[in-house]
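Asks: Here is how the chains run, residue by residue.
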Amino acid sequence: MEFIDTLINILNSTIRVSVPLLLACLAGLYSERAGVFDIGLEGKMLAGAFAGAAAAAVFASAWIGLLVAMLVSVGMALIHGFASITHRGNQIVSGVAINFIAAGSTIILGQAWFQQGGRTPSLPPEGRFGAITLPGADALRDVPVIGQLYSGLLSGHSLLTYVAFLAVPFTWWVLFRTRFGLRLRAVGENPAAVDTAGISVTWLRYRAVICTGILTGLAGSYMALAQNAGFVKDMTAGRGYIALAALIFAKWKPVPAMFACLLFGFLDALSIRLQGTPLPIIGKVPVQLMQALPYILTVILLAGFIGKAIPPRAGGVPYVKER
Amino acid sequence: MAENAIELIGINKSFGAVRANRDIALEIPRGTIHGIIGENGAGKSTLMSILYGFYQADSGEIRVNGKTAAIKTPNDAIAAGIGMVHQHFMLVENFSVLENVILGAEGEALLTKSIAKARSELRRLEKEYGLEVDPDALIEELPVGLQQRVEILKALYRGAEILILDEPTGVLTPAEADHLFRILEQLKEQGKTVVLITHKLREIMAITDNVSVMRQGTMVATRKTSETTVEELAELMVGRRVLLRVEKGEAQPGAVKLAVKNLTVRDSRGVTMVDDVSFDIRAGEIVGIAGVAGNGQSELMEAVSGIRKAVSGTVMLDGKPIDLTGQADPGELRDRGLAHVPEDRHHVGLVLAFDESENSILGYHDKPQYLKGPFLNLEAIQKDAQEKIEKYDIRPANPRLKTANFSGGNQQKIVLAREIEQDPGVLIVGQPTRGVDVGAIEFIHKRLIAMRDQGKAVLLISVELDEIRSLSDRILVMFAGRVVGERGPEATEGELGLLMAGVEHKEAAE
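Listed in order, the protein sequences are those of chains A and B.
Just so you know, UniProt numbering puts the end of the first sequence at 323, numbered straight through with nothing missing.
Just so you know, UniProt numbering puts the end of the second sequence at 510, numbered straight through with nothing missing.
Just to be clear, a hint being listed does not mean it is correct.
To be verified - Only pairs whose alpha carbons sit at most 30 Å apart, straight line, appear in this in silico DSSO-like list of lysine-lysine:
#	chain 1	residue 1	chain 2	residue 2
1	A	321	B	72
2	A	321	B	127
3	B	402	A	253
4	A	321	B	402
5	B	127	B	117
6	B	127	A	253
Unchecked claim - Partial list, computed: chain A residues near chain B (C-beta under 8 Å):
#	residue
7	2
8	88
9	186
Hints in this document: simulated from the structure, not taken from any laboratory.
The model shown is predicted, which means the values in this text are computed figures rather than measured ones.
Backbone N, C-alpha and C define an ideal beta-carbon position, used for all residues, glycine too.
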């Protein structure tokens, strides 16, 4: 029974660490499918986390925090859009700039407003998204396996976790079953085709980056308002880049994106779990190696095991009407 | 209803200092096929883009069916019943035919119903116009002829009554082009109006009812096709008399200069692109290789010029072998008298960011006449470039101008001047007149004939059958990587067309 408990424990933390990856990954999916590369997921997530935590602290409301987080992330996404869609700037440069702005301004503003060394004040329970216990979870707790899975794994997460996983089928549906999705995919492949079909390339791409802003806002909120109780400087710690790797790994498809994020999350959870625990045969593994595992795996998988990941054809290229 | 489907009145359009269209007036009667011809840069495509709402005219009026139409976006044009088939297809390659057809005309926010509707509508259009295509096929899996059909279907699905086709036959085989013309005839019978933009005079004569000629942004003439001749149209286009067929004497073949034996080449995917090909080229003759693009001509040419690896076979230049490992030293081949005008001048032939004089010596820059000790002799290079500019009439005549700022035809002349002026024994030339104006084509053809008459061996690869037929002393036809036939210059277009389509001669005779 101890094995099952351990397993559920690891899977449970897999879900917890996967959520921000998943939200950021889906965020990137909207933008990149529309042909706007976004290396600034990290920065938007960080800005969202900070704005959410600050607003939640001031108003003592998780919902206001969430709203503000999304607004700020959408604002950052629009800056990226303004630079790369309207002014046809280099999307990588713009994305890197967003990351720098977020990394610097969150600390400066945090210190100026709260004087806690860049942190936001610790949030009260009403400023956070608490765990939701699914109906019957308590009653089933002692039923072996099924009950344990239900109450230990499926139940007890925050609202944002459920939103993140529901966003996967929703994104699939939007992409492949709606007019907006059809046009979004088309504009990432051949914007000239969209333009000549009488659809505005600019407006379509702006809508895509707004979706990206909303989702990165959710990702940031999850980190600051659900996983933790406030903002700590540089709390995203490279998750935006991992999400990008997952997006490539998943070949820009929503359901594979979920599995990619879960895989990265699982490795992360495993590395935390195994820190200091001697493994059979190998013995004690250095912490650093375990922490590096997700990155090593990304390189190995991208290098040879998933086949060629073909990005949207018009990705990274600003649309200019031919003269 | 008014008699004219389209009337353009006083259309002006400038891009910066360039006046692409000036005071254009044009009337296109309903239910006719109307040709618009002109050299590259004459303003045909700009005019049609204005009509399709892609650009806005600076001034002027567009009337559709007699009523003034404000066409500001492609949407307005679509609403006015105008459809356009662009030269470069506006298709999403990894979408299905159906998805491409409904893009922008979905009707409602959810796709399920619109797709079902499009499917039945496509079936109807297929029957009505003979436009069969599998609605669920992915565009990237379709040959270009079918991709073009999808473009036509897209326009018809949107209810187009007026269909504009921009250089539609550039990518088609002769058979596919004929099929397209049949479709256009059928559209005309159903009362649709077709506007055909092209620079191929033959097509104009074959299919149009009326033809308008553009030159340097102005509309110089409109004629009934039945009352004009190819010669007159060519003269109107260029503004002077043009020789459409190069005059040349009998070839005087000499010794074998280039011998290709059992050459086999595979592409990066391992697909055999050139399959056991053998031929000789003698001094003083032009050998043309005809074929639909993608049948191995490009690979053959690259292998023979030493820039692509061959799997097996030999190529002898003046009796000595060429390194076929793909690692050949291009400088050495140039020294041995092999010059190469690549098909793709932008990627292989020129460095667009360099100025004209730099490109005009590229690859020959380590010849003593261009050097002063370890440095480039800029003065000599400029002088050399200036001479080539005069000899080849390269415009603008400024050796310091960035190459990207020259038109396609003039860029081509820069490459040709560079290779021909080094006086090579063997010249391999790919698509020498792709995207080149009628006037410049005449000049390039004359230069190639002159090379031949000086006793050089010329290997000509072109997808333009007319070019192959008028220049070559012998014609080899490639299909699926093999040379499927050799003909003399008197071979008819139909005969070559069948060979190019892979139809064996025996079958064709039956």
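Asks: Where does the structure disagree with the numbered hints, that is, which hint numbers, in rising order?
Replies: 2, 3, 6, 7, 8
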